[in-house]
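Asker: Okay, here's what each chain looks like letter by letter:
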Amino acid sequence: MKDKVVSHLRDRITPPGRVSRRALLKSAAGVAGVAAGSGMVKGFPTVWAQNIKDVTLTHVGMSYSTIIDIARQATKELGFKVEMAVTDHPGFLNRVTTQPDSVDIADGELWQALLIVPRGRFQPIEVNRIKLWDKMTPIYTKGTFEGKPVSRQGVSPIKVQYLASAEAKGLAKEPTEWATFVPGFYNADTLGMRPDLITRPIQHWGELFNPEFKGKAAIQDIPAIGIMDAAMAAEANGAVKYADKGNMTRAEIDKTIALLIDLKKQNQWRALWSTFDESVNLMAAGEVVIQSMWSPAVTAVRARGIPCYYAPLKEGYRGWGNGLALMRHLGGIKRDAAYEYLNWYQSGWVGGFIAKQGYYVGVPETAKEFLTEDEWGYWYGGKPAKGIITDPYGKPMEKAGTVRDGGSYEDRFSKIACWNTVMDEARYMNEKWNEFRTA
Amino acid sequence: MKLGIPAKAVPYLQAAPLALVLLLFLVLPMMMVFVASFFDFNMTGLVPTITLGNYIDLLTSRNTFALYLQTLKYALIVWVITLVLGFAIAHFLAFHVRNTLVAIGLLLLCTVPFWTSNIIRMISWIPLLGKYGVFNRTLLALGIVDKPVDWLLFSDFAVIVAYVHLFTLFMIVPIFNSMARIDRSLIEAAVDAGAGRFRVMTQVVVPLSKTGIALGSIFVIALVMGDFFVVKIMSGGRSASVVMAIFEDVNLLFYPPAAASAVVLLIVVTLIVSCILRLVDVRKELTG
Numbered sequence: 001m002k003d004k005v006v007s008h009l010r011d012r013i014t015p016p017g018r019v020s021r022r023a024l025l026k027s028a029a030g031v032a033g034v035a036a037g038s039g040m041v042k043g044f045p046t047v048w049a050q051n052i053k054d055v056t057l058t059h060v061g062m063s064y065s066t067i068i069d070i071a072r073q074a075t076k077e078l079g080f081k082v083e084m085a086v087t088d089h090p091g092f093l094n095r096v097t098t099q100p101d102s103v104d105i106a107d108g109e110l111w112q113a114l115l116i117v118p119r120g121r122f123q124p125i126e127v128n129r130i131k132l133w134d135k136m137t138p139i140y141t142k143g144t145f146e147g148k149p150v151s152r153q154g155v156s157p158i159k160v161q162y163l164a165s166a167e168a169k170g171l172a173k174e175p176t177e178w179a180t181f182v183p184g185f186y187n188a189d190t191l192g193m194r195p196d197l198i199t200r201p202i203q204h205w206g207e208l209f210n211p212e213f214k215g216k217a218a219i220q221d222i223p224a225i226g227i228m229d230a231a232m233a234a235e236a237n238g239a240v241k242y243a244d245k246g247n248m249t250r251a252e253i254d255k256t257i258a259l260l261i262d263l264k265k266q267n268q269w270r271a272l273w274s275t276f277d278e279s280v281n282l283m284a285a286g287e288v289v290i291q292s293m294w295s296p297a298v299t300a301v302r303a304r305g306i307p308c309y310y311a312p313l314k315e316g317y318r319g320w321g322n323g324l325a326l327m328r329h330l331g332g333i334k335r336d337a338a339y340e341y342l343n344w345y346q347s348g349w350v351g352g353f354i355a356k357q358g359y360y361v362g363v364p365e366t367a368k369e370f371l372t373e374d375e376w377g378y379w380y381g382g383k384p385a386k387g388i389i390t391d392p393y394g395k396p397m398e399k400a401g402t403v404r405d406g407g408s409y410e411d412r413f414s415k416i417a418c419w420n421t422v423m424d425e426a427r428y429m430n431e432k433w434n435e436f437r438t439a
Numbered sequence: 001m002k003l004g005i006p007a008k009a010v011p012y013l014q015a016a017p018l019a020l021v022l023l024l025f026l027v028l029p030m031m032m033v034f035v036a037s038f039f040d041f042n043m044t045g046l047v048p049t050i051t052l053g054n055y056i057d058l059l060t061s062r063n064t065f066a067l068y069l070q071t072l073k074y075a076l077i078v079w080v081i082t083l084v085l086g087f088a089i090a091h092f093l094a095f096h097v098r099n100t101l102v103a104i105g106l107l108l109l110c111t112v113p114f115w116t117s118n119i120i121r122m123i124s125w126i127p128l129l130g131k132y133g134v135f136n137r138t139l140l141a142l143g144i145v146d147k148p149v150d151w152l153l154f155s156d157f158a159v160i161v162a163y164v165h166l167f168t169l170f171m172i173v174p175i176f177n178s179m180a181r182i183d184r185s186l187i188e189a190a191v192d193a194g195a196g197r198f199r200v201m202t203q204v205v206v207p208l209s210k211t212g213i214a215l216g217s218i219f220v221i222a223l224v225m226g227d228f229f230v231v232k233i234m235s236g237g238r239s240a241s242v243v244m245a246i247f248e249d250v251n252l253l254f255y256p257p258a259a260a261s262a263v264v265l266l267i268v269v270t271l272i273v274s275c276i277l278r279l280v281d282v283r284k285e286l287t288g
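Chains as they are written, first to last, in this note's numbering: chain A, 1 to 439; chain B, 1 to 288.
There's no promise every hint is true.
Computed list of lysine-lysine pairs in DSS-like fashion (alpha-carbon distance at most 27 Å, straight line) [stated by the list, open to error]:
hint, chain 1, residue 1, chain 2, residue 2
1, A, K131, A, K81
2, B, K8, A, K265
3, A, K142, A, K399
4, A, K214, B, K210
5, A, K76, A, K142
6, A, K159, A, K214
7, A, K131, A, K148
8, A, K386, A, K142
9, A, K264, B, K131
10, B, K131, A, K265
11, A, K264, A, K314
12, B, K210, A, K264
13, A, K148, A, K173
14, A, K415, A, K395
15, B, K147, A, K214
16, B, K73, A, K265
17, A, K386, A, K76
18, A, K264, B, K8
Every beta carbon over 10 Å from chain A, so not counted as near; a handful from chain B, in silico [unchecked claim]:
hint, residue
19, L13
20, L59
21, N63
22, N251
23, L266
Read the hints as simulated data drawn from the structure, not as lab findings.
Computed from a predicted structure; not experimentally measured.
Using N, Cα and C, we set each Cβ at its ideal position, and we do this for glycine too.
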């Protein structure tokens with residue numbers, strides 16, 4: 001496997017036209033591994049095989065995407081070392097901007113690119129060095145899904161996918177040769193609820209504000225995301241009208257926060273949660289019956305034998321996504337290894353692994369090769385499971401006959417209403433959010 | 001051994017290592033924070049022009065005062081409770097336990113919870129205080145309430161419980177230390193002179209424990225003023241603190257306003273501490 005990678009990398013960096021040397025290298029590649037120790041063959045191939053072995057890539061991102069199993073598999077298949085470093089949203093932004101050299105692959109959320117790109121921390125990814133770029137989901141590469149435009153409220157992928165030039169301090173509105181990142185995981189979020197405690201159907205985001213759930217509702221305490229859930233609910237109720245939920249004016253922020261404060265005074269909010277675990281515990285303990293939630297949290301509640309439903313709502317989903325960017329300092333062999341890793345990332349193993357967590361990847365069709373027909377049907381197709389569905393580690397998760405909440409990949413992504421965001425008025429928003437907290 | 005160092009230089013040399021450490025790890029970073037607080041900023045980064053804008057924004061925002069009010073309220077309540085508890089426990093250990101070894105043993109017992117992490121000690125309150133937690137189940141079972149009480153968790157009450165649990169020891173130890181140095185014959189003399197328990201307490205024990213009380217108060221108040229995590233978790237995001245606002249700014253890389261806010265907080269805490277130090281000359285009491 002290592003030889004394959006080595007020869008692959010070498011093909012890339014050998015200038016065209018130097019056939020004789022390339023042929024020589026090719027024949028040498030087979031013995032390179034053996035020769036490395038024996039000292040019989042001196043020169044380029046040995047050095048290369050040694051160097052690539054010595055490369056360590058540090059992949060930094062949030063807990064849901066920096067999974068150690070991915071690093072292990074990559075290390076096994078690629079012949080150089082990949083390490084995962086877990087951080088949280090604020091930690092990620094601060095590390096990438098203030099300690100850029102401690103990161104090689106930056107796996108952040110789409111909206112974070114808006115803050116990082118102008119600071120010049122990423123290097124442009126040459127699109128033609130990403131083998132499967134043409135097969136990449138158009139949600140990212142074209143801003144469309146099944147031929148129709150995807151919502152541009154909030155930081156939709158297409159707004160941050162491309163860089164204007166190789167100098168890369170500005171984003172491009174249209175596709176260019178330089179990508180900010182290759183697609184990472186993405187999903188569509190909605191409200192989670194306890195179907196045993198709310199027996200009637202929940203079909204609108206507005207239910208989050210329904211006094212029926214007084215003292216039993218929660219939203220997330222991450223202002224950038226919480227405000228979007230609040231906006232979805234406020235808009236559904238007709239309480240506030242937005243020109244663009246993803247980039248509100250001060251007046252729109254004021255109105256939304258006033259609404260949240262009003263609800264707080266009426267004791268609507270049991271809590272505001274800020275970590276994944278908190279949301280799971282709130283729901284599982286019955287403290288809360290309806291709240292904004294992330295998809296694996298719903299699974300985690302169900303894993304405790306407590307019913308939890310990830311309700312598909314009429315107004316659509318709040319989308320989010322990640323991207324894997326290359327840091328500016330990468331060069332030479334390390335950059336080659338990084339490209340190799342990005343290509344491997346899209347080649348299917350990762351997609352198959354993470355599908356079982358409910359997330360989607362850049363090239364779904366490669367993920368399919370790493371899923372059984374039943375798994376593919378359940379996770380992507382929205383079909384009833386024929387057998388037991390397991391999590392990424394093989395632990396049984398759902399019984400035969402279960403259908404995934406929200407249905408198929410197509411059902412979800414044709415109904416994205418907005419994306420996680422950072423607004424122009426982000427600072428004002430933070431301040432108002434603190435007002436909501438202290439109110 | 002003669003090193004040929006002039007006698008005058010010796011104390012300076014002795015102080016130099018600590019001075020160097022403080023300079024590098026305290027003064028220098030503080031200076032950077034101070035400088036950054038005057039920078040302008042936008043979404044793309046710092047703009048190195050000098051502005052008072054961050055301070056003007058901060059001091060004209062109603063939110064700032066709400067946050068300080070909230071934080072000071074926590075600090076005051078926690079200070080009172082930890083002071084009463086800390087004083088009572090220290091008094092018991094110092095005067096009621098006759099054997100010094102037993103007293104020190106009991107004091108060490110107080111530190112046992114500190115063998116676990118702060119976070120674990122705080123979070124372990126959640127299953128106790130929750131809507132379906134231990135306390136609520138007990139109250140329900142005893143028929144004291146007929147539906148779960150929900151102000152136990154995710155409330156100011158929960159925040160204060162956690163603070164008191166986390167910080168009381170910082171009050172006990174310095175007060176115990178002061179009380180242990182009180183000469184027992186002073187109390188005997190007071191009693192011989194006809195003082196009752198109350199007068200002994202107010203005119204002998206309390207004045208002589210002032211140093212400990214002052215030190216404990218500084219610890220507790222500074223800890224509460226500088227916290228955001230306990231508030232965040234125990235209030236369930238329903239309350240906030242000054243530091244939480246700083247944290248939110250840092251989250252989105254808005255360093256200059258966060259720096260300005262940190263400078264203001266530093267000034268406020270310094271003022272509080274210097275007030276306490278004006279009331280009690282800690283240095284004199286410690287050496288005297």
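Asker: Against each hint, give a clear statement of whether it holds in the structure.
Answerer: Verification of the hints:
no. : hint               : result
1   : A:K131 with A:K81  : holds, 21 Å
2   : B:K8 with A:K265   : violated, 67 Å
3   : A:K142 with A:K399 : violated, 37 Å
4   : A:K214 with B:K210 : violated, 49 Å
5   : A:K76 with A:K142  : violated, 33 Å
6   : A:K159 with A:K214 : violated, 38 Å
7   : A:K131 with A:K148 : holds, 25 Å
8   : A:K386 with A:K142 : violated, 35 Å
9   : A:K264 with B:K131 : holds, 18 Å
10  : B:K131 with A:K265 : holds, 19 Å
11  : A:K264 with A:K314 : holds, 25 Å
12  : B:K210 with A:K264 : violated, 43 Å
13  : A:K148 with A:K173 : holds, 17 Å
14  : A:K415 with A:K395 : violated, 31 Å
15  : B:K147 with A:K214 : holds, 15 Å
16  : B:K73 with A:K265  : holds, 20 Å
17  : A:K386 with A:K76  : violated, 32 Å
18  : A:K264 with B:K8   : violated, 66 Å
19  : L13                : holds, 36 Å
20  : L59                : holds, 13 Å
21  : N63                : violated, 5 Å
22  : N251               : violated, 4 Å
23  : L266               : holds, 19 Å
The structure fails hints 2, 3, 4, 5, 6, 8, 12, 14, 17, 18, 21, 22 (numbered hints given earlier, in ascending order).
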